[in-house]
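J.: Read off the chains here:
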Amino acid sequence: MSFDASSARGDLILTRITKEYGDFKAVDDLSLTIPKGSFFALLGPSGCGKTTTLRMIAGLEEPTVGSIHLGETDITTTKPYQRPINTVFQNYALFPHLTIFENIAFGLRRRGIKDVDAEVNKVLSLVELPHLAGRKPTQLSGGQQQRIALARAIVNRPALLLLDEPLGALDLKLRRQMQIELKWIQKEVGLTFVHVTHDQEEAMTMADTIAVMNEGKIEQMGSPADLYDDPETAFVANFLGQSNLIKGTISGNDGDSLIADVFGQKISLPKSRSHAVDNSIYVGIRPEKFRISLLNTPVNGNVLTGGRIEDVSYIGVSTQYQVEMPWGQELMVFEQNDDGVAPFNKGDAVNISWAPVFTFALRGDEDITAGSEVNPEDLDEE
Amino acid sequence: MGKIRTPYLLLLPGFGFLFVFFILPILNLAQTSTQTPVGGGDTGQYEQTFRFQNYIDAFVENKEQFGRSFVYALIATLLALAISYPLAYAIAFKSGKYKNFFLVLVVAPFFTSFLLRTVAWKQILGEEGFVVPTLRSVGIISDSTTLTSTAFAVVMGMTYNFLPFMTLPLFASIDRIDPRTLEASGDLYANGFTTFRKVTLPLSMPGVVAGTLLTFIPAAGDYVNAAILGSPNTKMIGNVIESRYFKIVDYPTAAALSFTLMAAILILVTVYIRKAGTEELV
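Protein sequence lines, in the order shown, are assigned to chains V and X.
Taking the working numbering, I'd label the letters of the first sequence as residues 275 to 656.
Taking the working numbering, I'd label the letters of the second sequence as residues 337 to 618.
These aren't lab readings, by the way, just hints derived from the structure by calculation.
Below, a list of computed lysine to any residue pairs in the SDA-like style, where the Cα atoms sit at most 20 Å apart:
hint : chain 1 : residue 1 : chain 2 : residue 2
1    : V       : 353       : X       : 530
2    : V       : 353       : X       : 518
3    : V       : 410       : X       : 514
4    : X       : 534       : V       : 409
5    : X       : 430       : V       : 296
6    : V       : 353       : X       : 534
7    : V       : 353       : X       : 519
8    : X       : 433       : V       : 296
9    : X       : 534       : V       : 412
10   : V       : 410       : X       : 542
11   : V       : 521       : V       : 631
12   : V       : 353       : X       : 536
13   : X       : 458       : X       : 472
14   : V       : 410       : X       : 612
15   : X       : 534       : V       : 386
16   : X       : 534       : V       : 383
17   : X       : 430       : V       : 295
18   : V       : 410       : X       : 537
19   : X       : 534       : V       : 370
20   : X       : 534       : V       : 407
Over 10 Å on every C-beta distance to chain X, these chain V residues come out as not near it, computed from the model:
hint : residue
21   : 281
22   : 340
23   : 348
24   : 442
25   : 447
26   : 524
27   : 562
28   : 583
29   : 584
30   : 603
31   : 604
Selected chain X positions facing chain V (Cβ under 10 Å, derived; list incomplete):
hint : residue
32   : 516
33   : 520
34   : 521
35   : 523
36   : 525
37   : 527
38   : 530
39   : 538
40   : 539
All residues carry an ideal CB built from backbone N, CA and C; glycine is no exception.
Turn these sequences into a full structure, and let the hints guide you.
T.: Shown next as structure tokens:
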């Protein structure tokens, strides 16, 4: 074991990590590379293993199997204090007996940094709270404590900054503001951020790359747009935003497109967005991609006919419809209120249409409720 | 008006009790401490002459016992702290679901009489106990050395008897420490020892102060341990007060000694709390 680990820099590489607690596998054979300088999010519901993964990176837990490298250096078994990694803890974990200044100076003093005053003041300005240096943590609001926790970590210029649900305790408005600020600070200081959250909107707002975790494994990894537009599993389709998943069968081939049969109606979808293994599929369309039209209006693209409006909710920027299809399924449709046209009424007979490019296809044997029963708001505590 | 008076009415029984059983006896004691024997009267007959010299006489006569009381109490307090801190730490952080069980074990000795438990130490440290033969066979003490009726026995007895008073406040304050602050310390480049010094110990200071006070104050005035486990050479000030009162019937000296002890403890405690700087922490 060497102290050289403290100067390690580079990509973070997790290789076939497994963490078991008795019979329970919190993390299951997980491999992952987080490029230097990126803003990476681990997203998933409570108990999916994301916090355990973070704690193993921080050195607070040791993997049962597998290795962790930072650049060329193996840090799997090094102690937390020997790693050039700092954490912004859930609920901040500020030292209640120390002033804000001493909280931030803690890491610098341990490493014997010379100009503590200048470093602390610089980072206090960065988080815009220089006037609080002399206070104690309990005298600060939640949002202020959050920024101090961030300052206490980034002042050390770690190779990697870990954020464990850092915004979970803040109210919605403050959370939105901090999301933008965190993103800005990450660009400003140029550190690698690894952010753990169960809030898909938070992950999408901030991260360059998101890894969606479920039951100790990574379901899918990619940019927010990739994950949203082209989910590979029902879990991702439901956990990131909402999806309409309709049972169908692939019935043909047309250049770059596949032709699918959906309860007797033909639609087409891009080949590149099919994640099916055989002809049995679920056709997926995001609710805002649908357009509603009255029965006899001509429309382009994919059309499913025979719908009937079951429910109308006007929510300002958009109107949300529940449309019952002939096969009994209710589809969700979000229409922007940008065309001055009066909304459709309950009971209207309608067609539903969309551009084929927005279609994705999942395996036909998936559990289409996966990821949809989780209400992120209920899961503030892991 | 009625509403404003209610809290005071509720305080009345408490104040009444304190007045009858604390203020009045203290005043009585103060009065006794400056009395002198009635000329030609019986033993135990005293009259008020405001002789403050009583205090000086009493102190000069018993300097040694005073000193011994504070030294024994200090050693017992430090020993109790050294034993209790790891114990309280382990119960707070490492005992998991057995936390309450261990806490019950800490207070379990209270279910037996204090006197009985002190007498038991006589057996433990006696010739037939396992301690003396063991220490002799390892060669730590010589064959002629005994442990009963020694300062060692008195300090051991005091340490043992006051241990729960140290452990419980320590536990209460260590248990309140958020374990994530300890993780944060490790995350911020502090090793185990530095984390203890910079985070755990400062955060548990209220418990350390409360525990040491709850141990030191009664230990300094204790006489049971010295009476049962000690010898005439290990007499503490408590033993002197006890014998002045009940055996020699020298009430003024006993009262003067009591006041001197009280004042000394008060001064020491004030200085200690100032030094420990706990006002900010609590």
